[in-house]
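A.B. asks: Order-wise, the sequence lines are chains F and D. Position 25 of the first sequence, counting from 1, maps to 25 under UniProt numbering, and the rest follow consecutively. Position 259 of the second sequence, counting from 1, maps to 259 under UniProt numbering, and the rest follow consecutively.
Derived by calculation from the structure, the hints in this document are not laboratory data. Keep in mind that this is a model prediction, so the values were computed, not measured.
Chain D residues, not near chain F, derived (Cβ > 10 Å throughout):
hint, residue
1, Gly15
2, Ile84
3, Asp168
4, Arg169
5, Phe233
6, Glu467
Restraint ranges, calculated between C-beta atoms of paired labels, are given here:
hint, chain 1, residue 1, chain 2, residue 2, range
7, D, Asp444, F, Glu73, 48 to 58 Å
8, F, Asp79, D, Thr99, 22 to 32 Å
9, F, Ala77, D, Arg360, 44 to 54 Å
10, F, Glu73, D, Val484, 54 to 64 Å
11, D, Thr138, F, Asp52, 50 to 60 Å
12, D, Ser4, F, Ala77, 51 to 61 Å
13, D, Thr324, F, Glu64, 39 to 49 Å
14, F, Gly103, D, Ser317, 14 to 24 Å
15, D, Gly117, F, Arg70, 29 to 39 Å
16, D, Ala311, F, Gly66, 53 to 63 Å
17, F, Asp54, D, Thr324, 35 to 45 Å
Which chain F residues face chain D? A few, computed with CB under 8 Å, are given here:
hint, residue
18, Cys86
19, Gly87
20, Ala88
21, Ile92
22, Pro124
23, His125
Backbone N, C-alpha and C fix where the C-beta goes; we use that ideal spot for every residue, glycine too.
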Amino acid sequence: MKLLLTFSRKGQYDPGREPVIARVVKETGVLINVEKANIDSMAGEVLIDVPDADAALVRRRLEEMGVSVRVMENAVARDEAECIDCGACISICPQEVFSFDPGWRLRVNAERCVLCGRCIRACPHGALSQQE
Amino acid sequence: MEKSLDLINARIRDGSARVVTADEMPGIVDELGEEGALEEVDVVTTGTFGAMCSSGAFFNFGHADPPIRMERVWLNDVEAYAGIAAVDAYLGATQEADTKDRPYGGAHVLEDLVAGGTVELRATSRGTDCYPRRGITTELLLEDMNQAIMVNPRNSYQRYNAATNTTDRTLHTYMGTLLPRCGNVSYSGAGTLSPLVNDPGFRVIGSGVPIFLAGAEGMIVGEGTQHSAGGGFGTLMVTGDMKRMRQEFLRAAVMNGYGVTLYIGVGVPIPVLDTRIVRSTAVRDEDIMTEVIDYGTPRRDRPSMARVSYADLKSGSVEIGGETVRASSLSSYRGARAVAQELKAWLEAGKMELALPTRRLDPAKRAKPMRETAVAPRVSDIMNRQVISITEDEEIRVAAKRLLKDETNHLPVLDGNGALVGIITTYDVSKAVVNDGRLKQVKDIMTRKVIKTTPDEPVDIAAQKLEQNNISALPVVDATNRVVGILSAIDLGKLFGGRRRR
Ligand code: SF4
Ligand code: SF4
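Chain F extracted, bound-state conformation:
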């Protein structure tokens, strides 16, 4: 399951300095996969992937450390009324989230998405968006 962590660097546990994720891994023994991280001087955003069964535990521990956690179920969402199944999103996605089914309809495998945003900009029909 993907969790989007956001934090302010002014908090008590600054993940820019404090090894928050490493600490959670050590304490819980859950292996966390960091898929994307944007950290600047004021705030940060980290996308992690954790086994579904451990998600609640990881989430609780992170929240105790002052990190806000959001579950990203459909990281990238497709508006079926706008999508015309052109396929322009397929070859530019680094995670191979998109493919065609045998009827040439677009198939979206959203669990693999790392929210790079490329497809959202590249879709000629404005059919893709990031889950709010």
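Model the placement of chain D with the ligands on the given structure of chain F, informed by the hints.
C.D. replies: Just chain D with the ligands, lined up with the frame of chain F:
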């Protein structure tokens, strides 16, 4: 055996015509042979659904009271061409709205109208004795117009080049997003279903032939602009009544970093009159070849990186220089199929009859490049030939002196053999000074990845390099990487300033 069009139309009328879509035809010919297929099949329907920039519509708005001769016209803030008659205008799909708060253009206006939405018409005029009014603003629905006639100067390309990008940066083109270093291939066209691929000799596709255009029955006007069938790039000019079109087959689009375009579904029915037509409609994706062109070359003639078939492209990846590169389309194959299938349903229901061309399109014609009476200015025309340079082993102090003395901000750095190996700027030198003078030589501070140009490069391309890399000068090198000049933003300013004054 040959079949007459009258026979086929009679069968369409009595509901006994056998209609198949173009992707079914190869299998039928395999099974029945050419003669058998000719006997069995009466019509082959084709279809394509993709970006067709060269589209738009003529509108007649009717007269207002007092009347106005509209000189400039906007529909939802998108300017239409009004230099036609008092209340007529042509709105092009790629024209963008004057207010740029969102990506919106002619294509969106067309889609909004077809979807049944209202559009704001705004027009201005000087006022004449017969047309005294100077301005008007009103809201219109498609049904309020006398005519909304789509006339697309260039639709339904026979085939289209596929695109890739050999440069180090992402390109945003009308062929979509092209990742750096041949990271992907983008293509357009429906392959075996594409109308013109099924009649490359233009025997039954020509002026006056009825077609499917965005959900309505339309017609082929004649050859499209840039028609170049001799090289496999034929095009069609088509027309149809917008009032009968459907949003499902007419969709506005925005190519990120490029602009607005319109996706349209076009389908042409092909009467199966003889075995030559059987053969041409039996074309497979494997037989339809196209080139993968490097859009990273900013010139008209771009190099081809590979020759591939539509079967390769549709498989999702192609080989370029021994590497497998992912390929995806911009046009919708599912949409193309829907066009061909709907056209088939029309014919089976007797809703449309076929006609032969009243005028044939030239199957051998080739489009010419533009005749340019003045050659686009080259870097050598405006570059500064007095280049102050430095060698990589000099001390930074020497570089600083040279920069100061010659009032320049850029020093190309040469190796012992006089070849360009780097560049330093006043900024690099100041940085080195702040660093307590620990760095001693030019080579310690120079930028090694130099953005450069050549004497024969068009100035506009050099200007784009400056802009994209946010730099203010380019060393000009010859084929042996020797510096022959330097081009600065100031040199460019002179040229463009001069151009504008003229
Ligand atoms: S690029 Fe957009 S319209 Fe095309 S298939 Fe992907 S989501 Fe659909
Ligand atoms: S956001 Fe990036 S990773 Fe996610 S689907 Fe789009 S292109 Fe793929």
